[in-house]
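Colleague: As you go down the protein sequences, you meet chains A and B in turn.
Numbered per the working numbering, the first sequence spans residues 652 to 825.
Numbered per the working numbering, the second sequence spans residues 1466 to 1500.
Just so you know, these hints were derived from the structure itself, not from any lab.
Mixed in with the good hints there might be a few duds.
To be verified - Think about it this way: if two alpha-carbon atoms lie no more than 25 Å apart in a straight line, the pair counts; the simulated DSS-like pairs of lysine-lysine are:
| no. | chain 1 | residue 1 | chain 2 | residue 2 |
| --- | --- | --- | --- | --- |
| 1 | A | Lys681 | B | Lys1498 |
| 2 | A | Lys687 | B | Lys1470 |
| 3 | B | Lys1470 | A | Lys794 |
Said to hold, decoys possible - To spell it out: a stretch of chain A is covered by chain B in this simulated footprint if at least three of its residues, at any positions, have a beta carbon under 8 Å from a beta carbon of chain B; those stretches are:
| no. | region |
| --- | --- |
| 4 | 685-694 |
| 5 | 810-820 |
From a predicted model like this one, the values you see are computed outputs, not experimental measurements.
For each residue, glycine too, the CB sits at the ideal point set by N, CA and C.
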Amino acid sequence: MNFTVSGRLRALAVAGIFCMGLGGLLLHAKIHWIFKGGEFQPTNLVPLVATLTSVLIVTALFSTGRHSATAQLINGMACIIGIVTMTHYMIVELDGAYSLKAILIYGTLADSLILAGKWALGQMLFEIDLDRAAGRGLNDRAKRPAYWRYLRAPWWGFHLAAMGGVYALGVLVF
Amino acid sequence: MGILKYIAWPKPGWFVFHGFAAALLLALGAAVKFA
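Starting from the given sequences, assemble the full structure and let the hints guide the process.
Modeller: Below is the structure:
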């Protein structure tokens, strides 16, 4: 078979997202399954649904090459929800005993960084397809959509901050 | 882009969608807190 360079890069990135999604699914199943001591734990549905979505829907949408925006929207939002909720767990677990060692070694910073890597893989696919849809190659210099626009990196940064803020409000107010 | 044209800024759907999403996130924060 005769793959293009961007086709080979895309296939590797899709494989990466699949592996990270499946790894997350199995890791969450190991750490906190939806049943604990025979009792149903509804909040543990969040990582189960998010990782199943990554493995099945996000991978399938990225594979088509025509739905990268939708795929990255789902992938990135799942990553943000994961980072926000796991950071919340870390804050509760550390219970005020913050130190550099606690945050780096015992906290969930490592897990959040893995999720950030999964976001970056999806963003790479989205950026490749953004150029491909406009008829540009990987090395073409061209005017691209403004950096603060929908699905570009600063838009994600803003959504991470805003979604984290709204989530924190839910924790503090109720 | 499908459904996105109805919820793009500054359409009324943008406010409806973001209000709904914010309510879901607030509920998630509260749910995890009490879990």
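Colleague: A separate judgement is required for each hint: does it hold in the structure or not?
Modeller: Tested hints:
no., hint, result
1, Lys681/A - Lys1498/B, "holds, 21 Å"
2, Lys687/A - Lys1470/B, "violated, 43 Å"
3, Lys1470/B - Lys794/A, "holds, 23 Å"
4, 685-694, "holds (count 3)"
5, 810-820, "holds (count 5)"
Going down the numbered hints, you'll see the structure goes against just number 2.
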